[in-house]
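Chains as they are written, first to last, in UniProt numbering: chain A, 1 to 407; chain B, 1 to 407; chain C, 1 to 407; chain D, 1 to 407.
Bear in mind the hints are in silico, worked out from the structure with no lab data behind them.
What you are looking at is a predicted structure, and each value in this text was computed from that prediction instead of being measured.
A couple of the hints might just be wrong.
Calculated lysine-lysine pairs in the BS3-like style (CA-CA distance at most 27 Å, straight line) [as the list claims (entries may be wrong)]: (1) K398/A with K398/C; (2) K398/D with K333/D; (3) K398/B with K123/B; (4) K398/D with K398/B; (5) K123/D with K14/D.
Coverage of chain D stretches by chain C, computed from C-beta distances (three or more under 8 Å per stretch; other residues unrestricted) [said to hold, decoys possible]: (6) 275–286; (7) 306–317; (8) 369–381; (9) 387–398.
Not everything, but these chain C residues come out facing chain B in the computed CB check (under 7 Å) [unchecked claim]: (10) A42; (11) P45; (12) L221; (13) Y223; (14) R289; (15) T291; (16) F292; (17) A363; (18) E368.
We put the CB at the ideal spot given by N, CA and C, even for glycine.
There are 4 protein chains.
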Amino acid sequence: MYQFSERSQQVQAKLQSFMDEHIYPNEENYARQLREAEDRWAPLPLMEELKTRARAAGLWNLFIPPGLAEFADHDGFSNFDYAPLAETMGRVLWSPEVFNCSAPDTGNMEVFMKYGTEAQQAKWLTPLLKGEIRSAYAMTEPQVASSDATNVELRIERDGEEWVLNGRKWFTSNAMHTRTAIFIVMGKSDPNNENRHLQQSQVLVPRETPGVEVMRALTTLGYDDAPLGHAEMRFTDVRVPLENMLLGEGRGFEIAQGRLGPGRIHHCMRLIGIAQRSLELACQRVVSRTTFGRTLDRHQSVREEISKSYSEIEMARLLVLKTCARMDEVGPKGAMDLIAASKTSVPIMMQTVIDRCMQMHGAGGLTEDYCMAEGFNYARWCRQADGPDQVHQMALGKMVINRFSEA
Amino acid sequence: MYQFSERSQQVQAKLQSFMDEHIYPNEENYARQLREAEDRWAPLPLMEELKTRARAAGLWNLFIPPGLAEFADHDGFSNFDYAPLAETMGRVLWSPEVFNCSAPDTGNMEVFMKYGTEAQQAKWLTPLLKGEIRSAYAMTEPQVASSDATNVELRIERDGEEWVLNGRKWFTSNAMHTRTAIFIVMGKSDPNNENRHLQQSQVLVPRETPGVEVMRALTTLGYDDAPLGHAEMRFTDVRVPLENMLLGEGRGFEIAQGRLGPGRIHHCMRLIGIAQRSLELACQRVVSRTTFGRTLDRHQSVREEISKSYSEIEMARLLVLKTCARMDEVGPKGAMDLIAASKTSVPIMMQTVIDRCMQMHGAGGLTEDYCMAEGFNYARWCRQADGPDQVHQMALGKMVINRFSEA
Amino acid sequence: MYQFSERSQQVQAKLQSFMDEHIYPNEENYARQLREAEDRWAPLPLMEELKTRARAAGLWNLFIPPGLAEFADHDGFSNFDYAPLAETMGRVLWSPEVFNCSAPDTGNMEVFMKYGTEAQQAKWLTPLLKGEIRSAYAMTEPQVASSDATNVELRIERDGEEWVLNGRKWFTSNAMHTRTAIFIVMGKSDPNNENRHLQQSQVLVPRETPGVEVMRALTTLGYDDAPLGHAEMRFTDVRVPLENMLLGEGRGFEIAQGRLGPGRIHHCMRLIGIAQRSLELACQRVVSRTTFGRTLDRHQSVREEISKSYSEIEMARLLVLKTCARMDEVGPKGAMDLIAASKTSVPIMMQTVIDRCMQMHGAGGLTEDYCMAEGFNYARWCRQADGPDQVHQMALGKMVINRFSEA
Amino acid sequence: MYQFSERSQQVQAKLQSFMDEHIYPNEENYARQLREAEDRWAPLPLMEELKTRARAAGLWNLFIPPGLAEFADHDGFSNFDYAPLAETMGRVLWSPEVFNCSAPDTGNMEVFMKYGTEAQQAKWLTPLLKGEIRSAYAMTEPQVASSDATNVELRIERDGEEWVLNGRKWFTSNAMHTRTAIFIVMGKSDPNNENRHLQQSQVLVPRETPGVEVMRALTTLGYDDAPLGHAEMRFTDVRVPLENMLLGEGRGFEIAQGRLGPGRIHHCMRLIGIAQRSLELACQRVVSRTTFGRTLDRHQSVREEISKSYSEIEMARLLVLKTCARMDEVGPKGAMDLIAASKTSVPIMMQTVIDRCMQMHGAGGLTEDYCMAEGFNYARWCRQADGPDQVHQMALGKMVINRFSEA
């Protein structure tokens with residue numbers, strides 16, 4: 001029915017070998033280094049070593065699409081061709097960073113590629129592409145429903161040759177990471193503009209700027225996602241030069257829109273990877289555990305649940321692939337319906353799949369001994385990331401109703 | 001991501017025009033003719049008229065695959081190319097017959113094409129292909145769990161130059177139809193054979209044979225599916241000549257296996273069609289009804305349900321298309337996992353989608369004023385047709401466990 | 001935790017004996033009489049015979065509460081005490097009529113008892129209490145969302161000494177029944193009244209009044225519910241004398257509110273009965289069917305589904321009992337939250353339970369050979385009856401939010 | 001429908017006042033003390049202070065039933081009367097310890113009360129009842145499916161005047177707590193006994209015994225549940241005197257059975273408390289957040305979800321209360337069906353309720369800023385605690401099938 005490009009197939013094979021040789025055998029090692037780290041937010045030695053290897057293997061910045069291939073060491077991968085790569089990386093939650101393909105940096109790099117000036121690119125994009133620094137995107141605010149971008153309250157005011165920022169943010173991913181050097185901050189520069197989509201701007205704020213305060217690391221379902229981390233932050237009279245404005249005053253909403261399409265789909269791809277791996281773990285588990293005189297796989301209910309999980313993973317994968325193909329063909333805007341369908345269907349389905357697989361593992365399935373609990377948290381979190389599902393369902397529902405109710 | 005062949009696209013367009021011109025405008029007419037018919041099991045004049053038109057338009061026997069194109073007026077359609085055609089026909093439950101593409105005749109014709117002798121084909125296949133007669137497949141028995149074919153109890157015994165049949169069947173679709181001329185009957189000719197899959201044979205029994213008794217029409221959720229009908233039958237000392245054996249003694253199980261793959265997928269395709277139509281009806285409904293001061297489409301819960309339904313239909317469609325492509329590539333046997341995934345996922349999803357759409361129509365949604373209630377019954381029925389979902393989940397679960405638990 | 005009154009327990013025992021002796025053994029007989037009836041809407045001889053028996057046994061008009069016991073041959077049953085009786089009757093869908101406890105007559109009789117004049121009672125209530133006639137309640141209209149009573153459009157206009165009715169109704173239950181003698185019709189007598197809840201009136205319309213037209217019997221999921229029937233009706237210049245107004249002009253909304261509380265709960269009670277019976281049938285089925293070498297009850301998935309069904313029935317029953325107890329204590333108005341909780345939870349849960357039980361019966365489970373398919377239809381229908389669940393969830397959600405969000 | 005005893009009502013009122021005065025206002029304080037603790041497994045000063053207060057207020061050891069009231073400062077509370085108390089405590093996950101009512105100590109104290117010798121009681125039960133020490137119950141083993149108690153592998157061998165223990169355990173709750181002084185350890189003392197339920201014994205092992213090794217704290221969904229903790233443990237040649245045997249050799253299975261009934265139900269009660277509180281938080285949230293021009297509570301989907309959650313909490317509560325009443329009446333053994341129904345229905349329902357409430361809080365709902373994420377983890381965990389739900393569904397399903405399939 002569909003075929004990945006020869007180039008994608010080659011890289012898929014190479015990536016799988018790399019996973020087999022360097023990632024899976026290092027999972028315990030990674031967990032131990034993190035557990036024993038003096039600073040949970042500092043880069044782990046293992047990660048740095050693996051990044052060097054991956055880059056040498058040509059498995060680097062694979063997320064860059066053909067249209068931006070000038071920034072890559074390769075010809076770019078379409079969303080469609082990237083999907084199986086992201087799925088494979090998703091099987092180990094921390095592995096995308098090994099290939100410089102981890103959120104939110106990928107989205108931030110795209111912002112720099114598409115909207116940055118040459119000076120901005122030289123200063124921030126270049127080290128990001130090399131994996132030398134990390135970046136954060138400060139969008140969500142604790143005091144308002146930020147899925148409605150017009151609610152954003154952080155103020156960006158001009159004072160002479162500087163922009164002055166005041167406000168709060170949270171869920172700023174990567175903010176805890178000690179390597180994170182640059183924040184892209186969304187705020188309101190023109191709150192009284194009649195056009196509510198021209199009130200926002202996005203400004204670049206280096207980490208060390210006075211007034212930037214990382215208040216605390218947030219957890220979701222008990223996970224702090226170290227060394228990445230999701231932070232609550234305060235910006236108090238933070239001053240940056242005028243040239244730190246991205247794209248132009250009042251264009252913050254536009255950047256936000258452009259950034260989010262592929263990002264949501266990358267989350268879905270990775271979730272499919274971790275769900276698929278959970279299913280495989282469950283299959284191995286059920287043939288090796290015995291209760292009441294039979295191995296678990298002999299129970300009809302186990303087979304039914306494996307069967308459902310297999311089917312649901314396959315359907316999720318196909319939906320994501322179609323979404324990718326559509327994005328490749330007509331751009332994210334033309335694929336809004338499928339992006340919303342993926343965003344609102346895949347995480348909740350994969351959460352259910354992983355939940356079943358955990359249950360088949362007994363109490364141990366909920367622990368850090370398997371990748372499942374953290375994958376479950378990732379899936380649960382994605383029902384909120386980039387806006388709660390309900391907001392996207394509202395938009396998609398409206399679109400579908402319009403499409404079919406017209407005369 | 002995928003593209004139908006040019007030929008399929010052309011026929012799709014032609015079929016849609018035919019639906020617009022001849023089918024949708026005749027839905028009330030069809031319902032009235034059936035309601036007012038003296039004999040609910042006799043062919044309706046409207047149906048005969050539409051069949052003539054469809055055949056003239058080249059929209060005839062579209063289910064025939066390329067490998068059997070010698071029996072068609074066209075070059076055959078792959079499962080993949082046929083899928084959108086079957087989906088379109090599925091939008092009106094009675095319309096597949098118009099194009100001589102209705103179950104169980106399509107499956108029976110395939111049996112004749114693949115396993116019939118020339119004499120059997122001349123006598124039964126030729127009029128079936130012309131739409132002059134209809135046929136039935138007598139497999140399920142009331143007293144045993146027939147999803148396990150080794151449970152079948154109808155006896156087929158040789159007596160001189162004849163086979164003698166004794167036993168009961170039910171859910172013999174088409175058996176009520178006055179045009180049905182031939183029954184393919186599954187039974188046990190060698191019940192003591194050590195190989196449980198060589199005990200069965202399939203025998204051709206003309207309707208008028210003495211001892212063939214159609215006892216009653218069964219309903220499912222209140223529907224008798226006239227003029228098709230699902231009958232309970234008794235075979236008492238039914239005698240047919242030896243040449244009425246299909247393929248050979250002891251090969252009944254083999255025929256049953258060969259028959260079922262595409263059939264299950266055709267059901268799925270048609271269900272997607274009726275679910276898609278239900279969604280479209282719901283979209284039209286919610287913009288035209290007002291409660292508590294707002295049209296229904298302004299309710300967030302309505303949008304969420306439309307959004308979910310859209311996503312689920314799309315995922316079901318993609319799964320079916322992939323299953324078709326796989327069947328085309330490697331045959332039904334190699335696609336067993338995907339066939340089982342479709343068979344066990346699509347009907348229940350489509351049942352849920354249609355249920356939501358009915359609910360948005362108020363009490364009227366449950367009535368004969370819309371196609372939804374009957375579509376709901378069709379979806380519910382498909383969770384039993386060709387074996388209860390649980391049996392297929394058992395098989396799929398086992399396959400998946402084996403695949404991923406091997407060293 | 002709770003105990004039914006001694007009187008209720010005695011009647012429960014008597015009712016169960018009656019079911020064992022007269023109802024279950026007559027189920028096939030009933031089905032045959034209906035199937036072979038010349039007029040599906042006429043009373044069946046069996047029903048008349050059983051009514052006589054039930055009345056003689058003191059199992060008559062059990063729905064009448066203590067406050068209205070003057071109309072009964074007994075001291076009245078509280079909602080709580082009536083619950084197990086209604087559940088038992090619910091096990092056979094047609095049996096409530098045997099005890100003169102069937103909808104919509106019970107609700108209509110309550111309307112007469114509470115709001116009727118002595119003359120109205122003498123003329124209509126007396127024969128209803130004796131089971132000699134039946135009645136219908138014409139509320140829902142095809143062209144508007146009638147769950148919002150202010151949408152009702154049937155016009156009731158005064159012309160001299162008469163009310164003149166013009167408009168359409170549908171889902172008028174009992175309207176098809178040949179014994180139905182009286183319609184209670186809801187309409188707008190004062191459509192411009194500023195208070196939207198004073199625009200409606202309810203008027204008594206004898207069946208034979210000129211201009212009353214029963215247009216057709218509606219089906220839901222294929223069932224016409226004969227001999228009860230849900231009809232579409234037209235009222236064209238229907239004239240009735242002024243004294244046929246119920247309670248008073250402009251008080252139609254008030255009557256509608258008063259009528260609905262217990263009715264919704266009676267539906268729930270009966271649904272629990274049919275779900276419980278489906279579960280019992282499933283238990284008997286799974287020990288008697290063999291697939292792949294084991295009886296069905298040996299399959300873990302079967303046990304899980306039986307277990308879930310048992311738990312869900314029990315929870316539904318407890319919710320209904322609590323609702324009854326609350327209604328008995330503070331009246332339907334004070335129990336609005338629990339009535340809405342029951343109305344929106346019980347039917348959908350019981351639908352799921354019955355669906356599982358049908359599935360365990362194979363294809364036969366969907367047919368008329370068991371009570372399940374019709375019970376499934378009843379449950380599905382109750383998600384619309386007395387307004388779609390969504391309307392009640394809206395109200396309950398609002399109530400709960402208010403309760404817990406207040407300072 | 002039901003009423004708590006006057007004494008229970010009085011204590012409920014007192015407990016609610018205590019929660020209002022001392023628990024809710026200290027939630028942030030508690031979180032801070034734990035976050036800043038040098039040793040996460042040591043008792044927090046706040047806890048010690050609150051325990052003193054609770055004991056002074058007579059809110060102490062409320063879990064003790066009437067039959068064991070000799071061990072309490074009160075007359076004992078039936079399971080039924082205790083239910084609303086446990087629900088109230090459940091609203092703050094750490095609060096049951098304040099009242100010396102926290103798992104697993106309550107279950108362990110019951111074991112001592114019912115099965116301990118006077119010497120064992122003097123040494124361990126007395127300080128437990130005073131809240132001076134804590135205890136652990138070492139049952140589950142990492143290498144076998146421990147829901148089937150006959151799988152247990154830890155060896156208990158007699159060597160002269162001592163029992164010698166060798167084996168592994170995990171999910172030993174409280175094992176991390178620095179105050180935990182005594183372990184009740186389940187193992188096999190007679191693995192070859194033909195009666196598989198006589199192979200097990202339970203032995204008392206003081207924490208400081210050589211060979212007892214707490215290997216690590218396990219997390220579930222990212223939570224370590226400090227200072228309680230769920231540990232993995234190793235027992236290597238652990239020697240205890242013969243008198244440390246509980247009840248008698250070979251009676252380990254019997255003790256395990258006796259311990260588990262009420263414990264499972266206590267979990268359910270507390271889960272209902274945290275779910276109810278989540279619902280109340282959601283109600284407060286939705287009136288205070290605005291998206292797209294309306295507060296969240298104006299969205300129909302929000303109301304539907306609040307409505308469903310309210311109904312599900314109520315049904316869960318009623319099921320638990322009925323289970324309690326039945327246990328009070330006939331003992332846990334006679335209430336096995338209802339205990340299994342509660343155990344397998346309540347946690348998963350409450351998990352769903354809490355999930356919805358989290359979602360209404362946006363991303364923040366998943367964080368430590370609310371009690372919901374931890375409550376969600378508790379609910380998820382309870383689907384495994386005391387055996388996976390599937391094991392109990394198997395037993396309940398079998399019981400129900402037997403009950404209704406008998407002639």
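Here is what the structure says about each hint:
1. In summary, the hint linking K398/A to K398/C is supported, as the alpha carbons are separated by about 24 Å, within the 27 Å threshold.
2. About 16 Å separates the Cα atoms of K398/D and K333/D, which keeps this hinted pair within 27 Å; it holds.
3. For the hint pairing K398/B with K123/B, the CA-to-CA distance comes to about 42 Å; that exceeds 27 Å, so the pair is violated.
4. Restraint check: the Cα-Cα separation between K398/D and K398/B comes to about 24 Å, which is no more than 27 Å; the hinted pair holds.
5. The hinted pair formed by K123/D and K14/D fails the criterion: a straight-line CA distance of about 32 Å is larger than 27 Å.
6. For the segment 275–286 of chain D, the proposed coverage by chain C is satisfied: 5 residues have a C-beta within less than 8 Å of a C-beta in that chain, meeting the threshold of three.
7. Closer than 8 Å: that is the beta-carbon criterion, and the segment 306–317 of chain D has 9 residues meeting it against chain C, so the requirement of 3 holds.
8. Under a criterion of three residues with beta carbons nearer than 8 Å to beta carbons of chain C, the stated coverage of the segment 369–381 of chain D fails, only 0 such residues being counted.
9. Note: the segment 387–398 of chain D has 7 residues with beta-carbon separation from chain C under 8 Å; the three-residue rule is met and the coverage holds.
10. At about 20 Å, the closest approach between the beta carbon of A42/C and any beta carbon in chain B exceeds 7 Å, and the interface hint on this residue is violated.
11. Interface restraint check: P45/C against chain B, minimum CB-CB distance 22 Å, threshold 7 Å, status violated.
12. For L221/C, the interface hint holds, the least distance from its beta-carbon to any beta-carbon of chain B being 5 Å, beneath 7 Å.
13. Annotation: interface hint on Y223/C holds; nearest CB of chain B at approximately 4 Å, less than 7 Å.
14. With a least beta-carbon distance of about 5 Å to chain B, the hint placing R289/C at the interface is held under the 7 Å criterion.
15. Given hint, T291/C at the interface with chain B, holds; its Cβ is 4 Å from that chain's nearest Cβ, closer than 7 Å.
16. Taking 7 Å as the C-beta contact cut-off toward chain B, the hint placing F292/C at the interface holds, the least distance being around 6 Å.
17. Taking 7 Å as the C-beta cut-off, the interface hint given for A363/C holds, the closest approach to chain B being about 4 Å.
18. Residue-level restraint check for E368/C holds (minimum Cβ-Cβ distance to chain B is 5 Å; threshold 7 Å).
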